[in-house]
Amino acid sequence: MTKSKTRKILSGILLILAVICLVVGGINLPKQTGTAGEDILQDLRVQTLLNATGDSVVESYVAIAKKEATAKAKEAGGGMAEIRDAVAKAEEETREKYSNAETDYSQIETSGLKSAITVYIDSIKDYAETEKTARDAYIAEHYDEAKAALDAKHEQMLAAGEEVNADEEVVVDMSGFEPTKEMEEKQAAAKETYKGVGKEVQGIFPLLDDAALETLEGTVEGILYQAGDNFALQYDRYTANGAKNVAGSAKVLRYADDLLFTAIFLIVLAALLLYYELLVAKLGMPRVIIGAFFVLLCFMCLWYDLSLSTLLSNTVVRMGMNAIMVLAMVPGIQCGISLNLGLPIGLVAGLIGGLLTIELGIPGWGGFFFAILVGSVLAAICGYLYALLLNRLKGDEMSITTYVGFSIVSLMCIAWLVLPFKSLKLRWPLGTGLRNTIGLDNTNFRHILNDFLAFNIGSFTVPTGLLLFMALSCWIVWLFSRSKTGEAMLAVGNNARFAESTGINVDKMRIIGTVFSTVLGAIGILVYSQSYGFMQLYTAPRQMGFVAASAILIGGASTSRCKISHVLIGTFLFQGVLTLGMPVANVLVPGSTISETLRILISNGIILYALTKSGGASRG
Amino acid sequence: MSSEYVLEMKNITKRYGDNTVLSDVSLSVKKGEIHALLGENGAGKSTLMNTLFGMPVIHNTGGFEGKVLLDGEDAHIMSPFDAMQKGIGMVHQEFMLLPGFTITENIKLNREITNSNLVSRILGKNLESLDMAAMSSDARKALDSVGMGIDQSTKVQGLPVGYMQFVEIAREIDKTGIKLLVFDEPTAVLTESEAAQLIKVMKQIADSGIAVIFITHRLDEVMAATNSITILRDGKLAATRKTSETSIVELAELMIGRKGEAVVETDKREVPHEKVALKVRNLKVDMPGERVRGIDLDVYEGEILGIGGLAGQGKLGIPNGIMSMYDVAGEVELFGEPLKLGDTKTALEAGIAMVSEDRKGVGLLLDRSIEDNIVFNAMQIHGDYLHKIGPVTLKNAKAIREVALKMIKELDIRCFGPLQNSGTLSGGNQQKVCIARALCMNPKFLFVSEPTRGIDIGAKKLVLETLVDLNRKQGMTVVIVSSELQELRSVSDRIAIVSEGKLVDILPADASDADFGLAMSGIKPSEHKDGGANS
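From first to last, the protein sequence lines stand for chains U and A.
Going by numbering that gives the first Met the number 0, the first residue of the first sequence is number 0, and it counts up by one from there.
Going by numbering that gives the first Met the number 0, the first residue of the second sequence is number 0, and it counts up by one from there.
There could be a bad hint or two in this list.
As the list claims (entries may be wrong) - Now the stretches of chain A that chain U is said to cover, found in silico as 3 or more residues with beta-carbon under 8 Å:
no., segment
1, 352-362
2, 391-397
What the hints assert, rightly or not - Sample of chain U residues lacking proximity to chain A, with all beta carbon distances greater than 10 Å (derived):
no., residue
3, Ala51
4, Ala139
5, Leu157
6, Phe176
7, Phe292
8, Ile456
9, Thr463
10, Leu478
11, Arg481
12, Leu489
13, Glu499
14, Ile503
15, Leu607
Stated by the list, open to error - Facing chain U, from chain A, some residues (calculated, C-beta under 7 Å):
no., residue
16, Gln379
17, Leu385
18, His386
The hints are simulated quantities; they were obtained by calculation from the structure and are not laboratory data.
Quantities reported herein were computed from a predicted structural model and do not represent experimental measurements.
Beta carbons are placed, not taken as given, at the ideal position from N, Cα and C, and that holds for glycine.
Isolated chain U (complex conformation) (with noise of 0.2 Å):
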């Protein structure tokens, strides 16, 4: 009662404090790129050239100064050393007393200068963005080429074992980029308007000589304008180059969208807190702490200016790939072998499937479906085998799973380096074997599914052939378990002995429960593979199954009952955590190795928090 109590009252305070940002916010947001906003950065732009210039100014005091000195030491007839002292005096004293000195901006009359400056940027603006084109056009003119020389590049390395980076970008050389005719002349102009910026700024200082403003040109240029500028990039420019005199209306202009996504954080915390019971009883505990932490890295790629919507899109495509392997867990569990950690057997045969496909060089959907089709049948052999052994060995299936998956694994090992394939993508330049990563390119299946009707939402990508497959494949599973055969191997995954007294054969519902999810680990890889661009062999699949198996715990399912919308929300869950976690790390924790380091620890942290939580969710 009085804990129920404490919640509602600390989410009104947190709803009160969301509405206060959200109010706050949403009024200064638009005024950013309204004049309120333009002012504000009118007035900085003045404090951060004076502030530039002002050291110039300085400078020239000095040198004044130490004119004066040398004049004063000679005339008092001493010699060099004195002088030398006395220049070194005068100079600290000026220095001291200009640099320290705070100019007071609001008794200079700056209206004059703010017109030259709106002049000028506009004018390198203008310059700036003719040049923009003018390189694209170089670009675009010279991609072919460049595109063809970084294929030749990555072959050659291939060709020497080397791994292949797939997502190097192509970059065209700029080295014989020449300014058009219509560049020279926007530079000429923007050169003009300065010449009106450095008159106005005389006016302020009257030392600047024209050979200083000069010299000033490029830092003004780079203050004042720089490609893509908004609101919040040249505030935090401007500042970081000394303007210091900023008003407290301008910091909250500023901080108007951090306001805006607090806002929207408070309200989910203050809904959490709210709803919590509610949400507790619907999704069970790990659901919500792990949403919460998911809710709470989206927020933070917000409060960061990471790109939220690029890392959503590679989340989404990361749990296309990952989740028909978490899919294979269903029938596994359906059946009553509960979690198929033997995954990679058939991890393995899928990835056979798509050495064959490359060693006899069949090209796009076919390739695909070929791989899948063999992997597919190997799988099922194979899991056919493994099932009738996890008969023999009912109750202990969960270590028989986890070592069968790790022989299989270093049986494989074995086998990579004496399968007899010939393909040059596929083995060692030099001595027997396969390569451990074997990089996909466009005449096999890479992103074959992923680019399938991909279409893009600003920076947000939607890989409509992987989702589709996704639930196509869901769709399958989820329509086997209403067959009649899908009953039984569920009543058999649920309580065998009711089976049993149902005259169901128990053995053969395991059998096909197993096949069903090596057969589906054996499509997992493939798919995965085709939006990874590689296919890993040797180790890799070892921890896959674990994975899989996380996943699906963490969406909600127990050992021994599962829905197919466990296996949508732990992935997104899962992946989620994983996409977002390391770019805030990275941002926390700058210039460390630190992402490397969190990848292992969240991925296997949320493994073992997802195996503790193995009794799944409260019955619904």
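Using the hints provided, position chain A relative to the given structure of chain U.
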């Protein structure tokens, strides 16, 4: 201070929560006498003995009220070890012997006779060497006293069951200072001659001054061996008798008693006996704890046959055996057609349905919805409630929902709807789901095993009424297996009593308490009357 009684348990009351399992029970055992403790299953014998031995299950649930006196002194027995120290021994029903050890080692386990040696002088008593010669002679003595000529260095593994029982007894006798020995149904697993031998040994032990508590359900043995008798019924003291002053019939009556009114009222009618629905010959079922050792039984079409008997006597083995849930042998004919044993599916396809006694373990898919549970068998066996699209089959959700709603209404299953998980239902409603599933098969023959176990009185009535209804209106032949005799008597036409895996007799529902009591202890009432008391 000495007393006439070795053990006095005075006004013992034990509650598990609100459930009173023993109320105001007293038990007094004299020195050197054999005292029988009688009662049906659930009468409170085990709880009383657990109290005596200070079992954790008693102390962890709030202890008990009343007093336990040993030799007239208040004995606070807090643990089984404590009980052993105070001279109370127990011969268990399930043998607690190490099969890989010799008889000597088993008898002397944890009470070994040891000699100190060099190592033990340095490293402590645990490393002393065993004095095998002394142990062997002790074991010999103990074995002789129970009349066993077997070599004491034989391994327990592979000994006949009866011998193991005697080794257990020898072990208890070998303990010094033993005052009271409890025999928990020692003759249940013995052959007749072994049982006679055991009773002889028991008498020897009593003659040597040790008091014996003899728990059994074999009334003839009680008459043969004991001096006095305490009978428990429903957690209460039913009577205390001197053996010489009572008769086997009186004991049977006292054990069964009248337990309130009939649960369900049924009309008296002529027992159908024209056509045999199920003919069972020499049925043997290897169901652990409920072994059936050769039963012949005829069930007539249209009757309700009750099968009763004490727990562990094999009554549950009959339906489970015919449904081939366990290893089974024998001949079964259903409506004149021979039924192949060994395959559950065949039995189901032949039109037999069964409601299992183990609702949660066997009877239900606890994680599935009510409707899935109800149609499961019909779907798997008859292929009902399915869409067929070529080789592919799919659940016919609409038909399933219809039949589920119909069953929920007809059987009054209290639930939120057909989608509620059966695991969240109360016991009575779960039982109704089980019955609904059996009914979905449109069976010609229905086995119902322990239909009212663990469900409340209202649900009990409804379940039994449903069964009677099925029998009267649809003419379904029903066999009800139950430990609740009263329940069987109120709904059955005839009641078969099973004891020790064999059919004792088939009695009419209105037979006397004494007859049922006798039958349950394995004595055919008619023979008893003919041949007089066995004592």
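Status of each hint after checking the structure:
Requiring three or more residues with a Cβ within less than 8 Å of a Cβ of chain U, the coverage given for the segment 352-362 of chain A holds, as 6 such residues are present. Beta-carbon proximity to chain U at under 8 Å applies to 4 residues in the segment 391-397 of chain A; the threshold of 3 is reached and the given coverage holds. At roughly 72 Å, the least C-beta separation between Ala51/U and chain A is larger than 10 Å, which holds for a residue marked as non-interface. The claim that Ala139/U lies off the interface holds: its Cβ sits roughly 53 Å from the closest Cβ of chain A, which is beyond the 10 Å cut-off.
Every C-beta of chain A lies more than 10 Å from that of Leu157/U, the closest at about 45 Å, which supports listing it as non-interface. Taking the minimum C-beta to C-beta distance to chain A, about 63 Å, the non-interface status of Phe176/U holds against the 10 Å cut. For Phe292/U, the shortest C-beta to C-beta distance to chain A comes to about 28 Å, beyond the 10 Å cut-off, and the non-interface label holds. Listed as a non-interface residue, Ile456/U keeps its Cβ farther than 10 Å from every Cβ of chain A; the least gap is roughly 36 Å.
No beta-carbon of chain A comes within 10 Å of the beta-carbon of Thr463/U; the shortest separation is about 27 Å. A beta-carbon of chain A comes within 10 Å of the beta-carbon of Leu478/U; the shortest separation is about 7 Å. For Arg481/U, the condition that its CB be more than 10 Å from all CB atoms of chain A is violated, with the nearest at approximately 5 Å. Not every CB of chain A lies more than 10 Å from the CB of Leu489/U, the least distance being 7 Å, so the non-interface label is violated.
Residue-level check failed: Glu499/U sits 6 Å from the nearest beta carbon of chain A, not beyond 10 Å. Not every beta carbon of chain A lies more than 10 Å from that of Ile503/U, the smallest distance being close to 6 Å; the non-interface claim is violated. Here Leu607/U stays apart from chain A, with its beta-carbon at least about 26 Å from theirs, past the 10 Å limit. With its C-beta approaching chain U no nearer than about 5 Å, Gln379/A sits inside the 7 Å limit, and its interface hint holds.
Checking Leu385/A against chain U by beta carbon gives a least distance of about 6 Å; that is within 7 Å, so the hint holds. For His386/A, the suggested interface contact is broken, since its CB lies about 9 Å from the closest CB of chain U, more than 7 Å.
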